[in-house]
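**Student:** Each chain is listed here by its residues.
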Amino acid sequence: MLKKVETSPLLSVRNLRIEFPTRRGTLVAVDDISFDIAPGEILGVVGESGAGKSLTGAAIIGLLEPPGRIAQGEITLEGQRIDNLPYEEIRRIRGRRIGAIFQDPLTSLNPLYSVSRQLVETIQTHLPLNDKEARARALELLDEVGIPGAGERIDHYPHQFSGGMRQRVVIALALCAEPRLIIADEPTTALDVSIQAQIITLLKRLCHDHGTAVMLVTHDMGVIAEAADRVAVMYSGRIAEIGPVQEVVRAAKHPYTHGLMGSIPHIGHHVDQLTQIEGSMPRLQEIPPGCPFNPRCEEATDRCRVERPNLQSVNATEVACHLFDKAGA
Amino acid sequence: MFAFIIRRLLQSVLVMLTVALIAFGLFRFVGDPINNLVGQDTTLQDREKLRETLGLNDSFIVQFGRYVINTAKGDFGYSYMHRRPVKDMLVERMPATLELSIISVLMALFIGVPMGVYTGLHRNGLLAKIFMSMSLIGISLPTFLIGIMLILLFGVMLRWLPTFGRGEVVALGTWTTGLLTVSGLKALIMPSITLALFQMTLIMRLVRSEMLEVLRTDYIKFARARGLSNRAVNFGHALKNTLVPVITITGLQLGSVIAFAIITESVFQWPGMGKMFIEAVADVDIPVMAAYLCLIALFFVVINLVVDLLYYAVDPRLRIDQGAGGGHG
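As you go down the protein sequences, you meet chains A and B in turn.
Under the working numbering, the first residue of the first sequence carries the number 1, and numbering increases by one thereafter.
Under the working numbering, the first residue of the second sequence carries the number 1, and numbering increases by one thereafter.
Okay, chain A solo, but in the shape it has when bound (with noise of 0.2 Å):
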């Protein structure tokens, strides 16, 4: 079977800056981020706490929170641009053409209103369905999400179900106009690591079903190699690695990527240690200026102190790092 190529992306991010103003000066977020989202791809996206991820999330579907804005970049949408839309209209992509799940399923939902009730709200906000129509799509996404039973459980309220079933409703509702992309801010980080696996089976074939596309955001490389086509690694607001998630797990060419992978244990691979990356992520207002991870890489140039490194291809993957440099570059 050949996969079909698709020429044009349908989520594509071209430049992206994120600021924060404060008292103090202006706080960069995410600094100059460019990526593509092909159409059913999941590209994972993963870093440390603070590294611009979920932030990135939130600027495409437009719920950056203030003080936070977008200083700079283009996302476009199927050919859209949809960064600098008014309100109402970019209201209307999400939930229709955007879907979004968050961490915590047990925050997620509203807790006075039953798991029915929120379901075909987000329905009829979307599709042209009356009542009986838009119940009977809610019965049918709880079935599809894997919900034993349903037909009775669709009445219950958000306290009655447990975490993972929670997580799995969260999805339906994603899921509920049948959007094209759904941005999945770690979801399955506050999930048992048993119940993590079945949501991410869970996503992955429903993706696949739909033909949906995900942008799958967290901190677990594990998560990414299970389920993403491509990865892209982040560092203080910037990629520093992005590929084919085969590639940069086997052949981790950025330093960082490099600690990432060592830092997690292997069955069967007996080591004494595990590797760590020494030090922390710089707080945004202490970012050094060349490449950001420099005063933690055992690799560190004089170049690295001052000229900050930019994309470029090696091999399948593309990697922000001057190790790469080509001679004459």
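A portion of the hints provided could be inaccurate.
[What the hints assert, rightly or not] Okay, derived cross-link-like pairs now, BS3-like style, lysine-lysine, Cα gap no bigger than 27 Å in a straight line:
id, chain 1, residue 1, chain 2, residue 2
1, B, Lys240, A, Lys132
2, B, Lys240, B, Lys221
3, B, Lys73, B, Lys87
4, A, Lys204, B, Lys221
[As the list claims (entries may be wrong)] Sample of chain B residues facing chain A (criterion: CB under 10 Å; computed from the structure):
id, residue
5, Ile220
6, Lys221
7, Phe222
8, Ala223
9, Arg224
10, Arg226
11, Asn230
12, Ala232
13, Lys240
14, Leu243
15, Pro245
16, Val314
17, Asp315
18, Pro316
19, Arg319
In short, the hints are calculated from the structure, not lab data.
By construction, the Cβ of each residue, glycine as well, lies at the ideal position given by its N, Cα and C atoms.
Since chain A is already given, all that's left is putting chain B on it; use the hints.
**Tutor:** Here is chain B on its own, set in the frame of chain A:
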């Protein structure tokens, strides 16, 4: 649920008995009732005879039991001052107080809640700041001062509104209402504003702080991420989650408004129960005072019961759990 109601009812009965004991105590410890009933030239024999016929020589328990039974039947005895059944006086005065109180609380709710929602949503807006500053006046100025200032402005200087009394009233059976005549409605305006102002600002500030709290929650962000309209998010999901504290405070305030209408009624010469109570205190008219005490306690108890039941209506988590959990997965 049923057991809960029974338990609350029993508690209510206990509260009422305690209040009855205090009310009954008034008769025994605040002066000698015989002195209040008879003139100075009554002989000792006559006093003794009267004491015997009134049952004042019986044991404490018997007297208290008799008092409780009579009170429960609505028989509060005779007013020393007016020489007529206290019950008749209450029936005559109650409509004035209840109309004033209920109109005030409705006014406070229907103005306070939308103002609270508005100030919560537009925290930094100019209008919201004006509301907040004005609410400080409502919170800090004493009721009687507001009343007197309103009388000065609209009653004395502009001569738009009557300065005292209830205007013309229409009798509907035993209930006299001022709501059906123009002069009755005009007379109601200033006292109800006076009484409502504090409650209104209280409710507004409460709704505002609750809204600020709720708007930060994940389920509100998730509701927005699903593309629900602002109206549905703000007035549906958010406002409903602020209701429990608002119901509590409004319930308690309705009780206080009825009880403390005394001041407003005095300022506006409003012929209600509060004014009757003040007169009774001046005249040491103990049966009236005792009856007022019991009646106000009854209002509080009933309102609290209704508030507790409203919690159940609003918050499904308090209702009997129909098989929670459902296991993981």
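**Student:** Failing hints, ascending?
**Tutor:** 15
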